[in-house]
Amino acid sequence: MSINKPEAKPAVKPGKPWASTPRERALDLGAILLAAVGSFALVALSELKGKLAYAGVFFVLIIVINFIHNYLSRGIASAKDSVASSFAVAGVLVTLLPITSILYAVFERGKTGLKPNLFTTDMKLNGPNDPIDQGGLLHALTGSGIMVGIALIISLPIGILTAIYLTEIKGFFTRPIKFLVQAMSGVPSIVAGLFILSAIVFPITKTPSGLMGGLALAILMIPTVARTSEEVLLLIPADLREAGIALGGTQWRTISQIVVPAAKSGLITAIILGVARVAGETAPLVLVSGGGDVLNLNPTSGPMGSFPFYIWKAFTFGTTESIARAWAGIFVLLVLIFILFFAARLLGGDRNKK
Amino acid sequence: MNNSEAQGPLDKGNEKMETTTPSSLSSVAANAAAKKKPGSGALGVGLEARGIHAWFGDKMVLKDISLDFWSGTVTALIGPSGCGKSTFIRTLNRMHEFIPGAAMAGDVLLNGKDIYESGTDVTKIRLKVGMVFQKPNPFPSMTIADNVLAGLKLAQLKVQNKDDLLEECLVRAGLWSEVKDRLSAYGGSLSGGQQQRLCIARSLAVRPEILLMDEPCSALDPGSTLKIEETISELSSSMTIIIVTHNMQQAARVSDYTGFFLSDGGPGELVEVGPTSEIFSKPKDVRTENYVTGRFG
Chain B
1 MSINKPEAKP AVKPGKPWAS TPRERALDLG AILLAAVGSF ALVALSELKG KLAYAGVFFV
61 LIIVINFIHN YLSRGIASAK DSVASSFAVA GVLVTLLPIT SILYAVFERG KTGLKPNLFT
121 TDMKLNGPND PIDQGGLLHA LTGSGIMVGI ALIISLPIGI LTAIYLTEIK GFFTRPIKFL
181 VQAMSGVPSI VAGLFILSAI VFPITKTPSG LMGGLALAIL MIPTVARTSE EVLLLIPADL
241 REAGIALGGT QWRTISQIVV PAAKSGLITA IILGVARVAG ETAPLVLVSG GGDVLNLNPT
301 SGPMGSFPFY IWKAFTFGTT ESIARAWAGI FVLLVLIFIL FFAARLLGGD RNKK
Chain L
1001 MNNSEAQGPL DKGNEKMETT TPSSLSSVAA NAAAKKKPGS GALGVGLEAR GIHAWFGDKM
1061 VLKDISLDFW SGTVTALIGP SGCGKSTFIR TLNRMHEFIP GAAMAGDVLL NGKDIYESGT
1121 DVTKIRLKVG MVFQKPNPFP SMTIADNVLA GLKLAQLKVQ NKDDLLEECL VRAGLWSEVK
1181 DRLSAYGGSL SGGQQQRLCI ARSLAVRPEI LLMDEPCSAL DPGSTLKIEE TISELSSSMT
1241 IIIVTHNMQQ AARVSDYTGF FLSDGGPGEL VEVGPTSEIF SKPKDVRTEN YVTGRFG
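As you go down the protein sequences, you meet chains B and L in turn. Going by the working numbering, the first sequence runs without a break in its numbering and finishes at 354. Going by the working numbering, the second sequence runs without a break in its numbering and finishes at 1297.
Worth flagging that the hints you see were computed from the coordinates, not collected in a lab. For each residue, glycine too, the CB sits at the ideal point set by N, CA and C. Honestly, I wouldn't trust all of these hints.
Using 27 Å as the maximum straight-line C-alpha spacing, the simulated BS3-like pairs for lysine-lysine come out as follows [to be verified]:
id, chain 1, residue 1, chain 2, residue 2
1, L, 1128, L, 1113
2, L, 1124, B, 170
3, L, 1128, L, 1153
4, L, 1063, L, 1113
5, L, 1227, B, 170
6, L, 1180, L, 1124
7, B, 170, L, 1059
8, L, 1113, L, 1135
9, L, 1063, L, 1282
10, L, 1162, L, 1063
11, B, 170, L, 1135
12, B, 124, B, 51
13, L, 1180, L, 1162
14, B, 264, L, 1063
15, L, 1153, B, 264
16, L, 1135, L, 1124
17, L, 1128, L, 1284
18, L, 1113, L, 1124
A few chain B residues that don't get close to chain L, going by computed Cβ distances all over 12 Å [stated by the list, open to error]:
id, residue
19, 40
20, 202
21, 242
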């Protein structure tokens, strides 16, 4: 067998033969424009009214136009494919819309209240009618931090150990515990507050405090941490456990040296999800932490403020200044939660670095 | 145990690597006839299985397996899928009991002592009887070096010089030259064959007397398989190796003894065991002959 040597070949350049040609891109753009024009025309001519009508008509038109366009150029399979992608894109837009809308509103209304004094003072000496550059939310910031911290310290070991029991050790109690944890994650937050109120505050301490708030939050946080950790641990392949056992490790050492480190990033996510779950809780804190407008760093005595309480109270006053304060509070809380998520990503993401 | 004193025929294996076509099986087996005789290794008594039965739930999967593993030899266990080979070797280091619903009967004597005797420290058994799994499973959260030394950490063993042990294990597993410049890279960054040799190195670090290998090459390409077989030949001078394999050429190449397992729908049974050369050239049982000549399975 011989191979015919080709004449001097032109240099081969890398390309993307599968990418859309300019003509195809122009046609796609044309389809979108056509749908847009069509939706305006239909809304103008028919009884339909409002922004929703534009969006709805545009969505229907783009599907129909894409379907016809793809059917004519590529056939029925491609046409069906385009309908499915259109629905997927619509789903993404519907999801993103409220989120961006909320972020925009919070940023737009919160920025007027963002003054340096916000982070340095509390509301001890200020009322709802005071200008925005007096008073602040330091008490809410520290209060939320302390109470979430207490909840974290309590629920982190309990939640992760529960998950380890459910996935690694297993036993007679696995099913009932699984059921209870699931049921607990559906408990309304006010119930957690009422439980602490009736089990500890009324019979023992008599007064609300930050510690009580932390306990109430822990009740809400444990099921979130436990369930998410359980899901994460279930993803760790069984052969890693077997390898650890086969190397002469006890079960506990295999779990602590192999399974938990392998699940590290997921477990950190579980913790962050737990924190995010409780950071915005209002109801139990109103009941058991006592609210308060004064900076209080001692969780064992006296009322302690928190973000949700601060926001709720500022809104209920109803004055222009206090509503601006509330928006500023929401803004700061949101930014903190974002920072938390990014930190979790950074901490958890270094696992497979080469 | 001092590995350098344990002498074995180091030359076996290597030159036979080329003769791998099915038609040359019998010539391979003839070479194997020159291999070790029972008890030729000087490494203690070895491992004896006495009347092993195993169940999963109500289903009996192994029936009355009795098999001796002479120290310093390589024994291959062959047979069609589902005949209980893996289950059998998992009874030898007490990994069988990790499967829910598992049960067993019989004795496994390690140096004359039953490993299922009550009061036995099972983690010590698994230190002496190491295991390499079918799928390479390096620990993802650990570097190459940490992976090799993971057993020490897991079993809380102390060693004088970790670096020496690390190098020794990687050399014996045939991986040292490939990874010596990147010991702090993660185990997952290696190729499949390298990962499997890393797992072998990891098993060696706790100095087992016996190494169980459960189809160690079934997920690997031929080149990596060859490297692992070379590793097995090297190791067999200083330890007892029991390897489950679906690859009959591999069994012929690496083993001194071969056991043939078969299940006719019921529990798996040991049809025949003997020197590898005999199993492949003149098996006593017609079922063995049919299997090794490729007529079924």
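Each hint, compared with the structure:
1. L:1128 - L:1113: 13 Å, holds
2. L:1124 - B:170: The hint holds at about 24 Å.
3. L:1128 - L:1153: Holds: residue 1128 of chain L and residue 1153 of chain L sit about 16 Å apart, inside 27 Å.
4. L:1063 - L:1113: 22 Å, holds
5. L:1227 - B:170: Violated - the C-alpha atoms of residue 170 of chain B and residue 1227 of chain L are around 40 Å apart, more than 27 Å.
6. L:1180 - L:1124: 30 Å, violated
7. B:170 - L:1059: 23 Å, holds
8. L:1113 - L:1135: 31 Å, violated
9. L:1063 - L:1282: 25 Å, holds
10. L:1162 - L:1063: 43 Å, violated
11. B:170 - L:1135: 25 Å, holds
12. B:124 - B:51: 46 Å, violated
13. L:1180 - L:1162: 14 Å, holds
14. B:264 - L:1063: Roughly 43 Å between the alpha carbons, so the hint for residue 264 of chain B and residue 1063 of chain L is violated.
15. L:1153 - B:264: With Cα atoms ~18 Å apart, residue 1153 of chain L and residue 264 of chain B stay inside 27 Å; holds.
16. L:1135 - L:1124: Roughly 24 Å between the alpha carbons, so the hint for residue 1135 of chain L and residue 1124 of chain L holds.
17. L:1128 - L:1284: Distance of about 34 Å is beyond 27 Å: violated.
18. L:1113 - L:1124: 13 Å, holds
19. 40: 55 Å, holds
20. 202: 47 Å, holds
21. 242: At about 7 Å from chain L, residue 242 of chain B fails to clear the 12 Å cut-off, so the statement is violated.
Checked against the numbered hints given earlier, this structure breaks hints 5, 6, 8, 10, 12, 14, 17 and 21; the rest are met.
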